[in-house]
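**Student:** These protein sequence lines map, in sequence, to chains A and B. Everything in the first sequence is counted per UniProt numbering, starting at 1 for the first residue and increasing by one. Everything in the second sequence is counted per UniProt numbering, starting at 1 for the first residue and increasing by one.
It is worth saying that the hints were derived from the structure and are not from the lab. Fair warning: there could be bad hints in the mix.
Unchecked claim - Where chain A lies over chain B, by a calculated footprint (3+ residues, C-beta under 8 angstroms):
#1 71-77
#2 284-296
#3 299-311
For every residue, glycine included, the Cβ atom is placed at its ideal position computed from N, Cα and C.
2 protein chains.
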Amino acid sequence: MPSINENFLKLEKNYLFINIAKKVKAFTEAHPEADIIRMGIGDVTQPIAKCVVEAMKKGADEMGVKETFKGYEDSGAGYDFLKEAVAGYYKSFGVDIPADDIRINDGAKSDCGNIVDIFGDDNVVLITDPAYPVYVDTNLMNGRKVIYADSNEENNFAAMPDENVKCDIIYLCSPNNPTGSVYTKEQLKVWIDYAKKNNAIIIYDSAYEAFITEKDVPRSIFAVEGAKECAIEMCSLSKTAGFTGMRCGYTVIPHELVVKASDGSEVSIAQLWGRREGSKFNGVSYPVQCAAAAVFTEEGQKQTRANIEYYQNNAKVMASTLDELGIKYTGGKNSPYIWLKCPNNMGSWEFFDYLLENANVVGTPGAGFGKNGEGWFRLTAFGDKDRTVEAMERIKKLLSK
Amino acid sequence: MPSINENFLKLEKNYLFINIAKKVKAFTEAHPEADIIRMGIGDVTQPIAKCVVEAMKKGADEMGVKETFKGYEDSGAGYDFLKEAVAGYYKSFGVDIPADDIRINDGAKSDCGNIVDIFGDDNVVLITDPAYPVYVDTNLMNGRKVIYADSNEENNFAAMPDENVKCDIIYLCSPNNPTGSVYTKEQLKVWIDYAKKNNAIIIYDSAYEAFITEKDVPRSIFAVEGAKECAIEMCSLSKTAGFTGMRCGYTVIPHELVVKASDGSEVSIAQLWGRREGSKFNGVSYPVQCAAAAVFTEEGQKQTRANIEYYQNNAKVMASTLDELGIKYTGGKNSPYIWLKCPNNMGSWEFFDYLLENANVVGTPGAGFGKNGEGWFRLTAFGDKDRTVEAMERIKKLLSK
């Protein structure tokens, strides 16, 4: 009989958001009249920009004509036109990435989850806590030792390295999911120096970079000196351009990034990952790549930036409500997430129930992201403007009682 | 320093088709005037059916309007409309699959490569040889023991189980890539009985099922009694509907399929796979799913069947040329592949070079698919009709000298 990978049995049975969905469903069934506002899952609500839709339709048309039909992509790493568009995007905020160091994927989650395949199971993995559950779960699936760096109220939810701790792989996310906190250039330099001293690799998730507004907050780890010798960066069009249902992202593995195998030979991480992808991935749908490339055109940037500003305005509404109520929070400024301290010392799930029952607003309990999330709560700015205003009015009414 | 997964270093450095591409490139550079006909890689050439293109464009339009915009898919397993369309397709050839046992993916390669994640590394994996390199490589990446069942001239390239051999996981592919051979219902029943006796799971690749013409050749392993308790089936729209560049497929894991964990508890394979996908995959692009669903409409079936018949006619032209030349082959009848014995006792790569140099025709050396492929050669029927005729004329001229 086949043995199963028993590491799976040690995981939480359900992904966090499945548990939330179940709770909301139960509440709705008990209160069918309730007008629920969902600010839990980090999904966007604004439609795809018109020029992006048109580019996808043009790509679809090309697939219907023999002369322009596209079959398998030669490399599976993305068409040059898209890799060059992504390289151009990096250049627009001052970061030089050769197009060949970029691989196109079907969203950051796949690469973020699958990258573990190319590393040995004996690595020690350092993850900031709280964190996006995928970092933890995918390493536990391989039976790896995971240790945590605490992000908490004292450090403004921006964990810094502890020189006494040794590790091999580090996950960082800035702007952070769930806390909305960010690393400055100086802070990232400390992480890079720490990684280099430990010969560790940083897996840097920049999925929310498009929400950065402050100047000293880098939009890529590669904006910081020394990163190319120790970091992999993963980004996505999900939040940048509303691609949660379109599915396209990209991973940057600098050609400078090499490690030593046990026989002392140098191994390129990009080549190792390419070999993995060659056997397990066949590239992204051509019309989706056409749509993605349109995001990086002048018109595409104009249209997608308008959506981001829409969400940023929601975040402002949310932040000012919390300011008014005197509730402590991080995020909202360089991030679509607001991470707030549950009022009256409520626990995360307690506040979840309280808010659901009394304001019919759904958020995400911080405890679902790790131990340092207990007592905290995530709200997203990805909703409809009027509904966000309405949710904040309900919260204000409830909490200022 | 992070250790790498050193199993990667034991793999062939390049995927087979990369090596072929390099050889062809070198030849083209030396002979820029040569008019090369490519019959090597199994990629389709006919455009996507019009109604499928229109469905994708409609899906793209919906993404551009707030009221119809789609973000994350709730389950990541595919929209109900598509799962039900696939279930209906199965029903059209007499196989009952509940829609909930189907997961939509971005092509069979991903699931076929990633399914290894949910099994223990101590499993013994049985693969028929020759085989699609992905089965072997993805198991070697996890350090698993791979054993082979020989498909060869004696058994008409349809390996059958050896009762004296024990294994936990079995890969079968029918119609077979690369040999074009097929299993009859009776032969599959023998494999199913063998799997049940060994408590093994069969991973069944039916990517070429749409090419089956003979009545006693099942289009799904689930057409055979007992399969639901021991088999997973993977299929794709790549060859059925020309989706190699569109990227959509599906995996069927029957809810009946359970194994025992080491503590004796029963574990559902579908649930285990769902947990894996929940952390590492976010579903297929909505407009791609719209396109895929259109394939299974009456009009979609009519249009895509016309493409399959086009390729089947190519296969007939190829088969009759080989018949004329007295060259032995399998496939061509229920398959887009023709697997021929290299003439004059040439080795696979020797014949590759001979054909490339003297007829400017590119095929795939059988040796690239495993030891039993040595001395054999794969040609695909996925090309343009006129070019296929031209290639066969060149081969006839060359080999009847």
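**Student:** Indicate, hint by hint, whether the structure satisfies it.
**Tutor:** A quick look at each hint next to the structure:
Coverage of the region 71-77 of chain B by chain A holds. Counting CB-CB distances below 8 angstroms, 4 residues qualify, and the rule asks for three or more. Note: the region 284-296 of chain B has 6 residues with beta-carbon separation from chain A under 8 angstroms; the three-residue rule is met and the coverage holds. Using a Cβ-Cβ cut-off of 8 angstroms, 0 residues of the region 299-311 of chain B lie near chain A, which falls short of the minimum of three, so the contact claim is violated.
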